[in-house]
Amino acid sequence: MVLNNKLTYSHPRKYGPGSRKCRVCSSHHGVIRKYNLHMCRRCFREYAADIGFKKNVIVLFEMMAVQHFLHGMDISELPPELSCPTLQLIVLLGLDVRNNLAHKNIWEALMMNRRPDRPPLNFQLVSGDSHDLTMMRTKEPSQEAAVKGILKIDWMAKHLHRVPAVLVLFVDLDWNSPFWNEKLSECASKIQSIRHSFYGRNPYLALVLVQSLVTLPTDELATQKAAELCSSCELSSKLLFILPQSEHLFGYVVRLEFAFYDLAQNYYQNELKLLKSKKEALSRTVSQRLYVRYSFKQGFFSELRQDAHSALKYYKQAYQMLLEIEPVDAAVTELKVIGGYLTYKICRLYFKHIASSESMSHFQKHIEYFRNKTSKLEAEFEHSAWLSKQYSFFAELFDAAVQSGLTTSSAEHPGFYYQTAADYMIRRQREFELSSKDGENETRRAEEAEEQISTATTTVVGYCGQRMGWSLSSAIDSEGRFDHSSVAVGLLCNAMAHFKNYPRSVRSRHCLLVRLGMQYVRQGRLEQALQAFLQALGPLRRARWTSLVSACLAPALRCAHALARPKEYVALVLELLNVEYGVREPARRVQLQRNLLALSSGAVPEPDEGADRAESDAALMAWQRLLLDSTTTFVPVAAGDINAGLTVTGGFCSPEGMAVVAAPTTFQLRLKSDLPEPLQLTKVSVQFVAGNDPAQSWTLDTPVEQRPLLQPNTTHLQRPSRSILDSRRRKCTSL
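With full-length UniProt numbering, the residue at position 25 of the sequence shown is 25, and numbering never jumps.
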């Protein structure tokens, strides 16, 4: 119990016995004299609510939690209580695990080896006499409450972690204890105090007697004492349990668990009956929000009872009623948030029942309904964030179902949903960058900042999806701290992992590689970005997917320059000079060719346009070290693997295109340049490969006569000659 900070306590040593005593129990210890209470702390805890004291500290904590939810939490995020296991809450009182070995053994037996065959219970230990039991009162439903919102932000957390289904009080008491009467009075007092603390909630209260000896059911003394104890504590005999300390402790504890589970089942069944009576008294046309609220709560309590079929039925009822609520601008965000919660629950239960087609159908209808519904109380990037999260959680549910044995096909698997989630995350990042640079938004943010300075109070709303305190400035500031690229990379990697399982999805994998490389560039992970681009470029060239090849080349060139990779840099420059899908701006083409010539002469190429100052300086130092340590500037490039701006073809000049054994022949090369400026040739090297035998392969080097300039869009012919001594035909494979 949290007391008022101004309360003072008397002490028996200071005032002495008889000076002042509690007017309720006549105790001298810890008497509160402030406000003329004259009550001990124990009696004050019991009667504080009756005499007008409130728990201000807890109320302040709840207000702070609500404000944090409203101003710090993204509407796209799902609360952890939505996805965590729905376990029945059992609160244990009276176990002193630190000082009592027997109590510690009981606690360890309850917590260890929580296998699936044991009851789904969540045990919370409240040790000692200093337990803080939240005093909860019942609230009458009203039409005003229906107008405020659908679901309170802490309702699920409250019933998972704070409102128990069963309270269990452990007491060390043997039937033949010499202090039976004192223990009996103390036990009755504790039970009365606990009941008063949870007045209005009506959880089951069970009493467990921890005994040192095993008692037979036919023991008359035990039967008599048990009846006396139940009468004194006003407790049903079905709620009294005996836990003997013996070598079979674990077996007794497991039997206790099943007894607690049955009590919890009855508690949640009573809650369902109460909600049913409330919902039957509603008018669906007037109290739509209350109908959604009660149906959601029925589904949640059914999940706590481990009744998945009933939970699915109630969640579907709530979602159907949610769609009937008119999506006015002020309610769109709330409907989206609650709709997302319900869709998560519905899809998870569908997958649990091995009904993947129903789950996909419901999700598609959900997305189609809310895809274009936005509110003035949310920015564009927040709507994209919500869509990304919807696809992300569905992909996770789908993935979990696949790991549990669900079969998929190349046309329908979790990779598609991860990919769409990544697309919306990238769109969210792009919209945020536009919003933060927009001049109108800057003016609006300044006006909102002035309003926040002039306004001292903030409206506190305790319902999911409501944003009375929302402002664009706070949304942009919060979004600026979000790492979009890291989330997008994780989603793309998850999608890649699924697409790899299907050989026919080659093009999709390469498309994902391009997007992954783009996000690596944004993160500054240029090594991984270059690797992703190079891995995707080859198959994309062969598939003639020119748009993606063109999109890859510029960022890949930036990575190769920043990492000082001469081989990759030369190949990418040559391909960017290709007239089919390369760079089209004349100035940029000239710059690329000059960078290529500068590198061939031992100079550092100029940095890419998109590189920042720090990246350019680091690249300059890397190139200088590389060129200083290098003994040659010759960079071999497999021209047959790329579509370069310089085209080379070759063949024998005989009419049949063949060479005669032991006779001179002429081999003709045709070089066509698409480069923007003339290119001077110094030497031509032709390699003849004899199958897979490198010992019979040879290279023909011939100087170019008069070092001609290869003009743009012209063809130059070069005819090196040599006698062919091998009986097999030789094939020119590379230049």
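None of these hints come from the bench; they were simulated from the model. Warning: the hint list may mix true and false statements.
[As the list claims (entries may be wrong)] Taking lysine to aspartate or glutamate pairs in the DMTMM-like style, the calculated list, with each CA pair at most 25 Å apart, reads: (1) Lys-238 with Asp-154; (2) Lys-148 with Glu-396; (3) Lys-373 with Glu-527.
[Stated by the list, open to error] Distance ranges between label pairs, derived from CB positions: (4) Ala-308 with Ser-616: 57 to 63 Å; (5) Ser-409 with Cys-493: 18 to 24 Å; (6) Ala-400 with Gly-524: 28 to 34 Å; (7) Ala-281 with Glu-108: 56 to 62 Å; (8) Ser-212 with Pro-85: 56 to 62 Å; (9) Pro-85 with Ser-616: 17 to 23 Å; (10) Leu-78 with Glu-677: 33 to 39 Å; (11) Pro-586 with Ser-486: 27 to 33 Å; (12) Tyr-369 with Glu-677: 56 to 62 Å; (13) Leu-620 with Asp-477: 34 to 40 Å.
Yeah, the Cβ is synthetic: ideal placement off N, Cα and C, and Gly gets one too.
Hint by hint, here is what the structure shows:
no.	hint	verdict
1	Lys-238 with Asp-154	violated, 33 Å
2	Lys-148 with Glu-396	violated, 33 Å
3	Lys-373 with Glu-527	violated, 40 Å
4	Ala-308 with Ser-616: 57 to 63 Å	holds, 59 Å
5	Ser-409 with Cys-493: 18 to 24 Å	holds, 22 Å
6	Ala-400 with Gly-524: 28 to 34 Å	holds, 33 Å
7	Ala-281 with Glu-108: 56 to 62 Å	violated, 47 Å
8	Ser-212 with Pro-85: 56 to 62 Å	violated, 36 Å
9	Pro-85 with Ser-616: 17 to 23 Å	violated, 52 Å
10	Leu-78 with Glu-677: 33 to 39 Å	violated, 58 Å
11	Pro-586 with Ser-486: 27 to 33 Å	violated, 39 Å
12	Tyr-369 with Glu-677: 56 to 62 Å	holds, 58 Å
13	Leu-620 with Asp-477: 34 to 40 Å	holds, 36 Å
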